[in-house]
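The hints should help you fit chain W onto chain Z, whose structure is shown.
Same order as they appear, the protein sequences are chains Z and W. Going by this note's numbering, the first sequence opens with residue 1, and the numbers climb by one from there. Going by this note's numbering, the second sequence opens with residue 1, and the numbers climb by one from there.
These are computed hints drawn from the structure, not numbers from a lab. Heads up, the beta-carbon is just placed ideally off N, CA and C, and yes, glycines get one too. Check before you lean on any hint, since a few could be wrong.
Short, incomplete list of chain W residues facing chain Z, as computed with Cβ under 10 Å [stated by the list, open to error]: (1) Asp15; (2) Met82; (3) Leu86; (4) Thr105; (5) Gly109; (6) His117; (7) Leu255.
Computed far set for chain W versus chain Z, every beta-carbon distance over 12 Å [what the hints assert, rightly or not]: (8) Trp9; (9) Gly94; (10) Val136.
Pairwise CB distance ranges, derived in the manner of DEER restraints [stated by the list, open to error]: (11) Val57(W) <-> Gly82(Z): 18 to 26 Å; (12) Gln60(W) <-> Pro84(Z): 32 to 40 Å; (13) Ile58(W) <-> Leu335(Z): 35 to 43 Å; (14) Ala260(W) <-> Arg104(Z): 18 to 26 Å; (15) Leu288(W) <-> Ile383(Z): 52 to 60 Å.
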Amino acid sequence: MADASLMADMAVPSSTSSTPPKASSAVAHEAPRNAQPVQPLARRRYALEIRQHMPWRWQALILAAALLAGFAISAAILIAAGVPADELANEFVMQTFFDGQNFRAVLFQAAPMILVGLAGCVAFRARFWNLGLEGQMIWGAIGATAVSMWQIGPENLRLPLMFIAAICCGLLWVLGPAWLKLKLGVNEIISTLMLNYMAANFLLHLVYGSWKDPKDNFPYSPQFRLFERLPELGAGIGSSILLAGVVALLAWWLASVSRMGLYLRFVDANPRVAHASGVPVRRTIYGAVLLSGAMAGLAGFAVAAGQEGRLTQAFYQGYGFSGILIAFLARNNPLAATVVALLVAALFVTGRSLQVFYQVPFSMVQLIQAVIVVCVASSDFFIRHRLRRVGGEAVQ
Amino acid sequence: MNGGIVLNWLASTPDFAVPYALAALGLIICERAGVLALGAEGLMLVGALAGIGAQIVIGQPAVSLVLAMLAASVVSVLFAVMVIWLRVNQVIAGLALVFFCQGLTALVGSMAEWTNHATEGIGAMGLWPLSLLPGVGKLFEQNAMVWLTPPIFGAVAWFFARTSAGLRLRAVGENPQAADAAGIRVTAWRFAAVLAGSALVGLAGAYISVVSTKLWIAGMTGGRGWIAVGLVIFARWSPWKALAGALLFGCIEALIPQLAAAGVQLPQYFVMMTPYAVTLGVMVWVALSRRGADEEPGALGQPYVREERR
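Here chain Z stands alone, though its shape is the one from the complex (with noise of 0.2 Å):
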């Protein structure tokens, strides 16, 4: 069939509900189009066709255009909500970028933000929607807590300990739902959402329960020592960033080099014919998601201690959306996802610096992210269609 026909009933309302569809009444329209080349601009009718490709500066420029339109609502919902417009440019760039303490504050919030992009990446490449990063989170950090708590091993293998308990009780807690997966075919998206919140209230039962610090009324543990805290790289940088820029590379040599990142590729692209090549498909998918969960425990283990220094009941909101958008604007790539937490981790500064002075509640971050991913899924429409014009007096 000649591409010009296929149209979409969006661009074409009454094109299917008035007439039966006959093969006579397809031709019926090919023949006038051409002879009316000249119409009024009110009639003109477009079709919509799938594009094979777009050159990648065009796609870039879409994606741009998406990124400013997503900033650009940002802005007036932050105007609506009471920040002076000409402050913002001055909140946003000048103030967190340039500004020394501000810009240590953005690396040392990107630390479990990087983590969790990683952890999201990893994930989707294998197809598998973990949406249970936050629970990962918590167990991550339970896991080192316990190790901090319970004194296991001596002092100078304390923290490597704590370390390996965040990796395995992040990976045990996704565990489960991706043998329900890969065994009974059990929803993930369910599955992982359902155990965040078991873990979150699992997390309340410790923080106001048996391991409540004594010396306070507040509902967290009692401070690690100074030993179980990540050190301090010099210059206020923390050492978490460290760690979460080694997991980068990592990933990144996982995704791109190693041969499970080719095996991943296949995976995504298709798994029956995957498996049919003779590429471990459940292997694959059981290895990257099991490596997902750990890093979303090391993200736990870098809020706890990196940040905290002890368990705290709320550490971990804000981060699993977080983690799903940074996969999601970084197309699953470890070293994109890198450059997208710095940034979401500087809105996350600058939000809490909104909150200070300008009395905007903290969710104006949840709904800017939320803007700039919808605006960008659907530039993605502009990428993969393309409008094209063809003749209005045939379509009726």
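Below, chain W alone, put in the same frame as chain Z:
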């Protein structure tokens, strides 16, 4: 456990079951048309906030509930445009909708200062003459929304099973190519299904805020939207089974305060996990029994692109 507690428990069950039931029904309408509606959690929050806002400003429960439905429908237009026109991945679009709504409602709620602002709900209505029965009469003292829920279910079930419009809607979700060839406008039907379903999900949210708790707290739906998504899978996209599932979840949730009132010592946070654990449990059970695997709408989650050959 004595009889009084059982009676109290059963009497409070509908109050907990109605939000699950209405949200699941709204989701069934969307998903029967082939649109995977993961945004329920967000739309429930929109309904809850809009309902409580209208309740504070206007103070008429019926008006508040209708406005909440409208608000959820309006917000769902964003989702509908994304998945139906722009053909965005429905999982991404649904998640984005949830997070958009969470951010939006928390922001609006705190900026309008509606948080923790108690309002008047709607009173109980006895189902005469059953409510006059000695002892069990209490079971029939429920608010008007509880009595309205079964007729709503009946109407939707009748729509799906007995009307040609319902058949068209199901055809669009089952095989959009064939429906399109038969002259059914896939885009329009899916749009209508998303708006109508979202209105019901919004009503479910408004029920929680306007009727049950009578106040607004950010994120107050606490995962009920996600549980409803699981409930729809559990119910194999059938309205009546969804109602039964909602009653099951209502029973479980209603049991928690009754046990606490009876002085049963239970670790509080483990008790609060039960609805999520039960959801996970029924998902596993459905997967194990593998019954009715063919009842899933055939084109669920797939955007319909006429230009693409399959």
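Here's how the hints hold up against the structure:
1. Asp15: Asp15(W) check fails; min Cβ-Cβ to chain Z is 21 Å, beyond 10 Å.
2. Met82: 6 Å, holds
3. Leu86: 4 Å, holds
4. Thr105: Interface hint status for Thr105(W): holds (8 Å vs cutoff 10 Å).
5. Gly109: 9 Å, holds
6. His117: 16 Å, violated
7. Leu255: 16 Å, violated
8. Trp9: At about 22 Å from chain Z, Trp9(W) clears the 12 Å cut-off, so the statement holds.
9. Gly94: 9 Å, violated
10. Val136: The assertion about Val136(W) holds, with a minimum of 34 Å to chain Z.
11. Val57(W) <-> Gly82(Z): 18 to 26 Å: Distance hint for Val57(W), Gly82(Z) holds at roughly 21 Å.
12. Gln60(W) <-> Pro84(Z): 32 to 40 Å: This hint holds: roughly 38 Å between Cβ atoms.
13. Ile58(W) <-> Leu335(Z): 35 to 43 Å: Violated, at about 53 Å.
14. Ala260(W) <-> Arg104(Z): 18 to 26 Å: 47 Å, violated
15. Leu288(W) <-> Ile383(Z): 52 to 60 Å: Hint violated: Cβ distance 42 Å, outside 52 to 60 Å.
Hints 1, 6, 7, 9, 13, 14 and 15, counting from the list given before, are not met by this structure.
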